[in-house]
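Enquirer: Here is what each chain is made of, one letter per residue.
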Amino acid sequence: MHKKNIFRYGFLLEQLVKRNFNTKYRQSVLGILWSFLNPLLTMAVQYLVFSALFRSDISHFPVYLLTGIILFSFMNECVTLGMDAIVASGPLIKKVAMPMAVYPLSRCITALIGLGLSLIPLGGAMLLSGTPLTPALLLIPAAALLTFCFALGMSLLMCTLNVFFRDTRFLWSVASLLWTYATPIFYPITIIPAAWQPVFRLNPMYQLITFMRTIVLEGLCPSAGQWGMCLLAAALPLALGVFVFRKTQDRFVFHL
Amino acid sequence: MEKAMVEVQHVTMDFRRDCNRTTHLKEFAVNLLTGRHHIEKFRALDDVTLTVPQGCVMGLIGPNGAGKSTLLKVISGIYRPSGGQALVHGSLVPMLELGSGFDADLTGRENILLNGAILGYSKAFLLPKVEQIIDYSELRDFIDMPLKTYSSGMLARLAFSIASVVEPDVLIVDEILSVGDEHFQRKSRARMLELMKGSSRAVIFVSHNLQQLREMCDRVIWLDHGRIRMQGAAGEVCDAYEREAAAT
Ligand SMILES: Nc1ncnc2c1ncn2[C@@H]1O[C@H](COP(=O)(O)OP(=O)(O)O)[C@@H](O)[C@H]1O
Ligand SMILES: [Mg+2]
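Residue numbers (my numbering), protein chains in the order written: chain A, 1 to 256; chain B, 1 to 248.
Hints listed in this document are in silico derivations from the structure and should not be mistaken for laboratory results. You can take every hint at face value.
Rough simulated footprint, nothing fancy, chain A against chain B, three-plus residues with beta-carbon under 8 Å:
{"hint": "1", "stretch": "25–33"}
{"hint": "2", "stretch": "78–89"}
{"hint": "3", "stretch": "109–122"}
Everything numeric in this text was worked out from a predicted model, so none of it was measured. For glycine and all other residues, C-beta sits at the position ideal for the given N, C-alpha and C.
Throw the hints in and build the complete structure from the sequences for me.
Expert: Right, here's the structure in full:
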């Protein structure tokens with residue numbers, strides 16, 4: 001049915017992204033400034049708390065922290081916002097036919113723009129801490145895109161679950177908290193017991209953050225192995241998310 | 001007869017009426033374990049077949065719960081039928097509840113773009129029409145204010161103006177709308193009639209007003225308990241419906 005073909009709804013997607021962006025930035029007094037401050041403040045707190053423990057192991061610790069914080073909170077925002085997208089648009093979905101994926105997708109795109117903005121404080125931190133600026137930084141869009149695909153996949157899955165079971169958001173708030181601690185954001189993976197490290201490396205967010213850190217901190221193009229892991233981490237969840245969403249979307253309307 | 005714009009072929013619509021409807025993972029898990037998950041089906045449409053040709057105004061009549069709204073939703077693509085199929089040839093605008101996509105924090109002008117996009121209009125189509133929509137709604141003085149400052153009558157005006165600038169191939173109307181103050185009600189009704197009279201389009205509309213159906217429709221379908229009870233020329237079906245209503 002042509003009404004459900006998402007590629008004909010580029011204009012709607014554009015309008016929804018604009019709307020999300022406006023509600024996010026127009027309403028808070030600090031506006032865009034807040035999206036700069038937020039990762040910086042988180043980084044500052046973590047720096048104060050953890051620098052005594054890990055600074056000697058990690059060079060440019062503030063930049064190390066910031067890359068992890070920015071990527072993880074981007075993923076978290078995609079899932080948290082995207083998860084609610086269908087339920088929040090329920091009244092509309094019951095009245096007008098349209099491809100429902102526009103709702104979670106538009107929210108993830110809004111978060112992606114936010115990620116772009118948070119590269120500005122990252123750049124600032126790199127300059128201040130004397131992290132060398134290298135041509136490898138041109139690969140940042142690739143890291144962002146891979147993380148976007150992973151986050152969109154997660155977002156579609158959680159969004160589907162949330163339509164059928166409204167307590168999904170509580171499940172997610174617990175899960176995302178545990179996930180934050182299980183991801184080496186403010187610690188190096190080397191502090192994990194050797195036997196457990198392979199398990200921690202299966203975490204897609206670990207792979208994606210490490211990919212980003214290779215680019216930003218080491219100034220290198222990630223290895224073929226890293227590219228492979230990250231492509232898998234992006235493609236598999238996205239494929240699963242799209243599959244599950246498409247399979248069940250005709251039934252959403254009866255649960256809204 | 002001219003070409004068919006809407007073809008409904010053997011459409012059946014079953015709703016699940018879950019006796020203990022689970023909306024929580026926790027309950028679902030408990031029900032799964034105790035084996036207490038019982039689903040009852042309810043057939044709201046039963047083997048409905050109809051065709052609406054170009055230029056035809058098709059009325060839909062029937063008691064409450066007959067399945068009229070459900071049928072319109074199947075045709076609009078909001079519900080996927082459990083059986084059969086509904087084909088629509090051309091663009092379709094559902095005039096079901098208008099303005100459901102409005103965002104109170106955006107201005108009237110921004111909402112025109114958002115709501116138009118929701119209805120599936122393209123950018124190229126909508127942008128040149130924005131001024132026309134504003135003029136038609138007679139809300140130019142308020143158009144750059146957030147929608148939360150609008151009265152409900154003003155909202156209805158804006159919604160109707162957005163939905164009615166299009167010249168859709170298929171128009172779906174659930175009860176003729178009367179929106180806004182008396183002046184705007186007359187104006188919107190006239191526009192509705194104008195839209196419905198267009199010879200290139202097909203219209204399906206639900207009404208309980210037999211007078212209106214006789215005047216406006218070429219054909220009428222009488223729906224009862226999800227089945228087509230009768231279909232034919234407007235006068236005939238309305239007479240039969242009226243006789244039955246009088247008898248009971
Ligand atoms: N989403 C739904 N879930 C379960 N039952 C529904 C749903 N929508 C409608 N029904 C049932 O289907 C029947 C037809 O409803 P409807 O099409 O709204 O009737 P009408 O518009 O002719 O008054 C009613 O018995 C109603 O309870
Ligand atoms: Mg109805």
